[in-house]
Amino acid sequence: MKTIHTLCALILLAATTAAWSQEPIRLLSSVQKVETVVNEQGEQERRLVAAERVIPGDELRYTVTFTNQGDEAVDAGSIVITNPVPSNTVYLEGSAGGSGTDVRFSVDGGETWGEPDALRVTDEDGQTRIADAEDYSHIRWTFRPALQPEQESSVFFRVRLR
Amino acid sequence: MFGFKLCRAVALIAVLGSTGAYADVFTETGSLGPQGTQAGTLITNQARAEYSISGNTLTEQSNVETFSVDERIQVDVTVQMPSVRVQGGQSQSLQSFLITNLGNGQERFSLDVLPMAAGFTPIFASDNRVYRAVEDACSMDDVTPAQAFDVEADQLELASGGTILICVPADIPADVSNGEEGLITLRANSETPGANGAGIGDVLAGAGDEGVDAVVVQADGRDEDQGLYVVSAVEVTVVKSIAEVADGFRTGPPNTPQGGRFIPDAVITYQLDVTVAGSGSVENLRIVDDIPLPNGDGGIAYVPNSVVVDDAGQTDAADDDLTTVTEVTIDGVPHRRITVDFGSTSGDPQFESVITFQVQIQ
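Protein chains in written order, with this note's numbering: chain A, 46 to 207; chain B, 31 to 392.
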């Protein structure tokens, strides 16, 4: 009896996994470190390297890639990607973007959203002010076009490790 | 974490076993707070997507992207007094240095004391001991054995942002001359294996807290600062205070029941206590005080001929008394300059003088 239950559970799990792997959109998050080096001409150059050695103060670039692996187009304007600003990091002003997207930010854990000029925070002394980039808790991108089968696009943002 | 600390403890015991010495470990007595995200912290990220196909709403989570924070090895040593006045033959003259772990992990440091010749070479204690300050003050009075740090054997272990104030004693040679200078350097060295000899940006694989990599951001993983000793056989001090305020109703020290209030027309009597102490002498001791002229917005005005030196009234004119009052311009602002010229004075016996003068609130 117990064996049958276990078998059923396995079949269910296999079915769930199969369903998961067939989700039309595949979402992949990756991170790289932004390194500033001086090139042979003596100029400062920024380049992306693997985030293998990261210490406080380092700048990081996150990329979220989304791919339509299904057979049907995803509705235009329907893809909304939400990413929290990772803990122990500070969002860098103006760094969020992505082709064909509108970007909004939240300062309240994703409850409300707005463009930078519209966001307000209340300080400990009760004073309300325009939010700074370091107040942002979440970033949200709305992808305007439809995403056709096998089409891929990405959004990105940068942070500094506290 | 426990395993790593246990390994370090075992390693320390192994070192002690091999040398037979007993080493003390001093921990921080203050803190600036953690210097950035703690080494070993995992930083994770997961994005979420919501979308629709033919009007049917679906959601999807990304993978969880994770990396660990590496350890930055960084220490700061800062001398607390720009210079310390000493006399020839003085023993255990103290310099104080604040050591701060600016890294983002727990770090061990050893210390070196390096006397350097500028004019003279201070003589560091023969027992190689420096001392942990008590209540942010360096003093050899009532110093206890628990404060003594043997630079040959002992180590510091500071949490991120942890600070400790270290007092370095040195004897001053007897045959020094007035104005001569000597330097003493305190150096803090990271004890992470490989830090010594590392260049800026070098990575010590697996040497950080929790087994993460450690990144050296200072050459050799160390910092140092110099304390300056200046031989001065004589010391001049000037202390300025308000002796009394007279507002037409009351006259007495400020902020006392009999003292006047700082209201227009009130007269303030300032006092300068001048002391020359020590075995040497000073040539051309001249005390100068500049008082801005009142402008349209009020301010204070010097009361002419109000200077008194040791109960002797003075005139503003350049005459036979000690005082001259002139007009000078400082940064474009006109001032009255009071100059009291004592000429040559000796510290033995101690020279003391009291200068008073008055200003009126406009």
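No wet-lab data here; the hints were simulated from the structure.
All C-beta atoms, glycine included, are put in the ideal place defined by N, C-alpha and C.
Keep in mind that the hints are not guaranteed to be accurate.
Said to hold, decoys possible - Derived Cβ-Cβ restraints for the label pairs, each shown as a range:
1) A:Glu-85 / B:Gly-119: 58 to 64 angstroms
2) B:Ile-293 / A:Asp-170: 31 to 37 angstroms
3) A:Asp-170 / B:Ala-147: 34 to 40 angstroms
4) B:Gly-229 / A:Ser-144: 52 to 58 angstroms
5) B:Ala-331 / A:Asp-153: 39 to 45 angstroms
6) B:Ser-82 / A:Glu-138: 27 to 33 angstroms
7) B:Asp-171 / A:Glu-138: 50 to 56 angstroms
Here's how the hints hold up against the structure:
{"no.": "1", "hint": "A:Glu-85 / B:Gly-119: 58 to 64 angstroms", "in the structure": "holds, 59 angstroms"}
{"no.": "2", "hint": "B:Ile-293 / A:Asp-170: 31 to 37 angstroms", "in the structure": "holds, 34 angstroms"}
{"no.": "3", "hint": "A:Asp-170 / B:Ala-147: 34 to 40 angstroms", "in the structure": "violated, 54 angstroms"}
{"no.": "4", "hint": "B:Gly-229 / A:Ser-144: 52 to 58 angstroms", "in the structure": "violated, 41 angstroms"}
{"no.": "5", "hint": "B:Ala-331 / A:Asp-153: 39 to 45 angstroms", "in the structure": "violated, 58 angstroms"}
{"no.": "6", "hint": "B:Ser-82 / A:Glu-138: 27 to 33 angstroms", "in the structure": "holds, 32 angstroms"}
{"no.": "7", "hint": "B:Asp-171 / A:Glu-138: 50 to 56 angstroms", "in the structure": "holds, 54 angstroms"}
Hints 3, 4 and 5, counting from the list given before, are not met by this structure.
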